[in-house]
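Given next are the chains, with one letter for each unit.
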Amino acid sequence: MKDPCGYADNICTINLTTGEVIREKLDDDLARELIGGFGINNYLAWERFPSNLDPLSPENGIILGAGPFSGTLVPSNSRIMATTKFPVPGQWASASGGGNLAYALKQAGYDHVIITGKAERPVYLRLAEEVEILPAEDLWGRDLYETTEVLWRLYSPSGVMAIGPAGENLVKTSLTIVDKVGSLGKGGLGAVMGSKNLKAIVATGARSIKVYDPTRFRKVLEPLVQRMREDHIREWWTREGHMTGWFVYVNNRVPYANWSKYHTAEKLEKLYDPDFYLKKVKKASVSCMGCAYADKHKIEISEGPYAGLSTVISHYLGPVLYVGARLDIADYAEQIKFCDMCNRYGLDQQAVGGLINFAIHLYQEGILTRADTDGLDLSSPKFETVQKLIEKIAFREGFGEVLADGVLSAARKIGGGAEDYAVHSKGLEFLIDGRCILNPEAFGQVINPRGHQIATESITMGPGTTPEAIRRFNQRIGVTPQAQERIFADGFDVAREARYVEDWWALASSLPVCFIHPVIRFFNLEIMSELYVSLTGIDLSPQELIRTGERGVNLQRALNVREGFSRHEDVFPEVWFQPLPAGDGSGILKLMDYYKTRELSREDVQKLLDNYYQERGWEVDSGIPSEEKLQELGLHQVSAALNKILTR
Amino acid sequence: MLEKILVVEPDKCVACRNCELACSFKHGGEFNPMRSRIRSFNYPVTPFPISITCLQCEDAVCEGICPTWAIFRDLATGAIVIDKERCEGCEMCMQVCPFGNIRLDPLEDVAIKCDLCGGDPECVKFCITGALQYVEAKDSVRFWWRDFVEKVQTNKENLLVAKERL
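Just so you know, the protein sequences line up as chains A and B, in that order.
The numbering of the first sequence is the numbering used here, which starts it at 1 and goes up by one.
The numbering of the second sequence is the numbering used here, which starts it at 1 and goes up by one.
The following block holds chain A by itself, in its conformation from the complex:
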């Protein structure tokens, strides 16, 4: 790269054991082939790390990646990608979060940062013109919000990614949060940082991001901004955030009692009425850097036992879905207290909500008794008991030690048939119930290395999107007419569709642009390509650009094939095959196709997997990227390495 336009032109490797810092220039070809963020992160993981390492050992690495769009005027670009080998489920995967970190990283002058080794004592990392490994003994043990605030005060303006006590205690349901708002890394990124004695990462700087062709760049950007300004749902979205989808959720989307019952729409409407929340609880919207679709909320509780509690949440579907509805807690204040506790401890609220739900179910079934739960009565626990459980998980105390590593590990530790009650996808909570809707997003939970990720979410999020609308969307993301025919050959094939949405996500995660639907719907492949070319001066056609997304997904899969994963791990959750009475009394919910025209059997869903692998050009029997596909994508070394492992 002659002039590092768009990019900071710097990959930095930091070894916490030795304190050694190595800076390299970003290779021009690498940028051309994998763009940044998700793509290059996966390449670095493949190139720099051996297979079969222990996720919590010093050998594991945390790869942070911004992208060329980070810190520019492209709307909603502040997404940081963190790639590591996750403790749960033990696969390489990429987590993504908002806040200011991606932008601050670019300003500090880095595209990608690789952190390896283990510090002798607790430290935090300061990424500025120089990299500093600074002592964090006084931060160790403090909660995540406090840590963030201390570092904000020391370095301003900055982006801060921190862990809480759960990460320090290597709890595998821990995560990290950027600037108190952008959570990322369910499945134990917090524990990976904790295992390195790394309390936090701060990025701060004042570097400029250069533009290759400002006139052309501005020419694409101005109409895009104009369209966003005229967007009729923007204000609604900023006010209510993800709750704008509430009307979809109330209809059979909110299970409780460990996925065995559905709330009725009337009950949900009564308990979790958005109006009450907006009037009484929400105080302000908080946006990530560069995003006008602010969907994080600052909330305060003014009355009751938790009066004075002030916190930030990524969206209030969180308290409602993962906590309130799931554990049948009616009080908003208690739900928010739950989320606040999880955030401060650096725990994944989805996982903790699920775990506690699971424990209650086992207790009610008689598999767990008072003797197992440190004397806590879980038959219908009060909120104080729930709070105690969260604490126990964060500090691995007593019964918390059993639950700390996620639902699958807990079930195995408990035994006595508990595994039959564990509802999970690769050991992690899944979010979309295939019985309610089998869209590409629901299907995506099966193939993604970390269960549910936004990666396959698109316009098919709600029920009944017309084939015409899906076709139009597919056109925008570069699906060929032949592929369109395959997708719609027999109804709507969510598996084949998932492949293309995933590529689109991988591209959006490499550039990066936020993948929440209200934002990403403004983009299409042509706009992405125009923006990328005019920003960086690297000439890539729209087709070549979407190819980089496909390359990233194949690399991620290859990484996990190297770890020994294959089709065997892509399992549909067992509960999906158990019919369940609908909450609205509309009959029995069964696993059906997207348009609810026919029921799907176990064989049918295996066929879906076949279709997905086929559409990807992977081996259908094993779910492993085929040699032809890897060669076609130019991943020759990857192909050779896989051939060696698989002796093919």
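None of these hints come from the bench; they were simulated from the model.
Some hints here could point you the wrong way.
Claimed, not checked - With a cut-off of at most 27 Å between alpha-carbon atoms, the simulated DSS-like pairs for lysine-lysine come out as follows:
#1 Lys282(A) x Lys382(A)
#2 Lys219(A) x Lys138(B)
#3 Lys219(A) x Lys12(B)
#4 Lys219(A) x Lys125(B)
#5 Lys138(B) x Lys84(B)
#6 Lys279(A) x Lys26(B)
#7 Lys280(A) x Lys270(A)
#8 Lys283(A) x Lys12(B)
#9 Lys298(A) x Lys84(B)
Got chain A sorted already, so can you dock chain B onto it with the hints?
Chain B only, in chain A's frame:
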């Protein structure tokens, strides 16, 4: 009296900071909020999102204090502007500005401030929420602020937080 003024409608702003990026892009062809003439604040610094830039004072103290006569009023737009060539970077104007709306360009070491982009403010064009507006000065915008202040005052906790943090 200015004919047109740059205003922010507080209820619409979400502090996405695109105005800062647009400003630095217009004036330097690159993205760097440190070189922006407008600044955007939000949680945790302020209790509500807001953008702040030069108010183009009628009786501008910065204009009077500049020892090199680099600061003067652009008669076409009514904006107070700084002649980069004459500025010595002594920071006197930064010290006297009652609102802190002049800053030092970290690369060129000269004072920079909003010049209304010659009557076509770039930040307004890239404000997605439509909070930033360039309007006729005679169209009073005080009612926005009156409603807004009332809203803040009804929530005293917020006000206390604001005082504490600012």
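Hints, one by one, checked against the model:
Taken as a hint, the Lys282(A) and Lys382(A) pair is honoured in the structure, with Cα atoms around 25 Å apart against an allowance of 27 Å. With a C-alpha separation of about 32 Å, the suggested pair Lys219(A) and Lys138(B) falls outside the 27 Å cut-off, and the hint is violated. Between the alpha carbons of Lys219(A) and Lys12(B) the distance comes to roughly 25 Å, so the proposed pair stays at or under 27 Å and holds. The hinted pair formed by Lys219(A) and Lys125(B) meets the criterion: a straight-line CA distance of about 12 Å does not exceed 27 Å.
Distance check on the hinted pair: Lys138(B) and Lys84(B) sit about 31 Å apart at the alpha-carbon level, beyond 27 Å; violated. A distance of roughly 40 Å separates the Cα atoms of Lys279(A) and Lys26(B); the hinted pair therefore is violated under the 27 Å criterion. At most 27 Å may separate the alpha-carbon atoms for a hinted pair to count; Lys280(A) and Lys270(A) meet this at roughly 15 Å. About 14 Å separates the Cα atoms of Lys283(A) and Lys12(B), which keeps this hinted pair within 27 Å; it holds.
Between Lys298(A) and Lys84(B), the direct Cα distance comes to roughly 41 Å. Violation of the 27 Å bound is thereby established for this hinted pair.
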